[in-house]
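Visitor: Sequence:
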Amino acid sequence: MSGDRPSPLVIERILRDRQGIWQQIVAERDLNALTGRMLASSAIALACYGAVLGAFHSPLMALTSALKLPLLFLVTLAICLPTLYLFNLVFGARLSVRQSLALVMVAITVTSMLAVAFAPISLFFLITAPDYGFFKLLNVAILTLSALVGLRFLTGGMQVLNDHGLLAPAVVAEVPAQVNAQAPAAVSAGAVPATVAAGSTSSAGAGTEPAAEPVAVPAGAAAAAGSGTNGTTPAAAPAVQAPAQVPTQAQWGGQPPPATFPPGMLPPGYPATNRPWGAPPARRSEPTQRPASMTLLYIWILLFGFVGTQLAWTLRPFFGDPGQDFAFFRSIDGNFYAEILRTIANL
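If you read the sequence shown in my numbering, its first letter stands for residue -8, the second for the next number, and so on.
Since the hints were derived computationally from the structure, they do not count as laboratory data.
All figures in this text were calculated on a predicted structure; none of them were measured in a lab.
Misleading hints may appear alongside valid ones.
Lysine to aspartate or glutamate pairs mimicking EDC-like chemistry, simulated, CA-CA at most 20 Å apart [unchecked claim]:
{"#": "1", "residue 1": "K127", "residue 2": "E3"}
{"#": "2", "residue 1": "K127", "residue 2": "D8"}
{"#": "3", "residue 1": "K127", "residue 2": "D316"}
{"#": "4", "residue 1": "K127", "residue 2": "E330"}
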């Protein structure tokens, strides 16, 4: 399913065509429409699940929970999204605000849709086992599992963006100069290039010495040339090794050369390696490192979780204690984690 023909349900497209979603975010194509659809779907799904949570107390609590649960996720996103965007900017990532928002909305959409899929199970236990402590722990476990799956989608999307180079700073690739792209033919033993011979003839007639040039000349020929002129031995020049002449197909008996040189059959002067025929020396692979943006993503996920749980404690009640009257908000005392531990102890 392509991104140009979206599914009527955005969650179906996310689950069936997640690579298409990631590619659309990478290309920043129609992100406003995609984000709007995910926002609407998440709000409706969270409202339905919130109504199930509040139904434990009263219909009025079900209505308020249906309003507060989408508000919980959206306010948490509004608090934590600037941190994610600035983290990426500080460490050189090239992620835009719209891309960051779309990525997080994918995670929230998956979380909300998975939670509303658990709503019939939660409603079943509400009807058959109306115990406040058990019902509260059950739904906390459902929301935690749904959030873990949604955040898994977030890390997968960030990994795709990392593969496209959006999480690493832009680096100008330096192309090394190609040395000896067209190597000259190998100089045979005792042979002197015509250009060198012409230069020596002209210099002998003019009585001047030409500029010294490094020429691949065998050592025996250089010694013979020096002793034949004035009987003196010239100063030792740095030896320049002639490039090794790689055997041709004809020198291998008409057969194609082997993929690798067999032991003991290397051409003279050829480096003793066992690399493929004609291939350049293998480069040492650089160790791959995780970008700083990916590491900070996991830190941001922990931050998102802490902010979300604290905000949930601030916006409570969502379930509604049957021993207390209806209230839109409770007084802020204690914390979410202490309440969960106390509930487990009471069970």
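Visitor: Against each hint, give a clear statement of whether it holds in the structure.
Guide: A quick look at each hint next to the structure:
At roughly 29 Å between alpha-carbon atoms, K127 and E3 are farther apart than 20 Å, so this suggested pair is violated. A distance of roughly 34 Å separates the Cα atoms of K127 and D8; the hinted pair therefore is violated under the 20 Å criterion. Straight-line distance between C-alpha atoms of K127 and D316 comes to about 17 Å, which keeps the hinted pair within the 20 Å bound. A hinted pair counts as satisfied when its Cα atoms are at most 20 Å apart, and K127 with E330 qualifies at roughly 11 Å.
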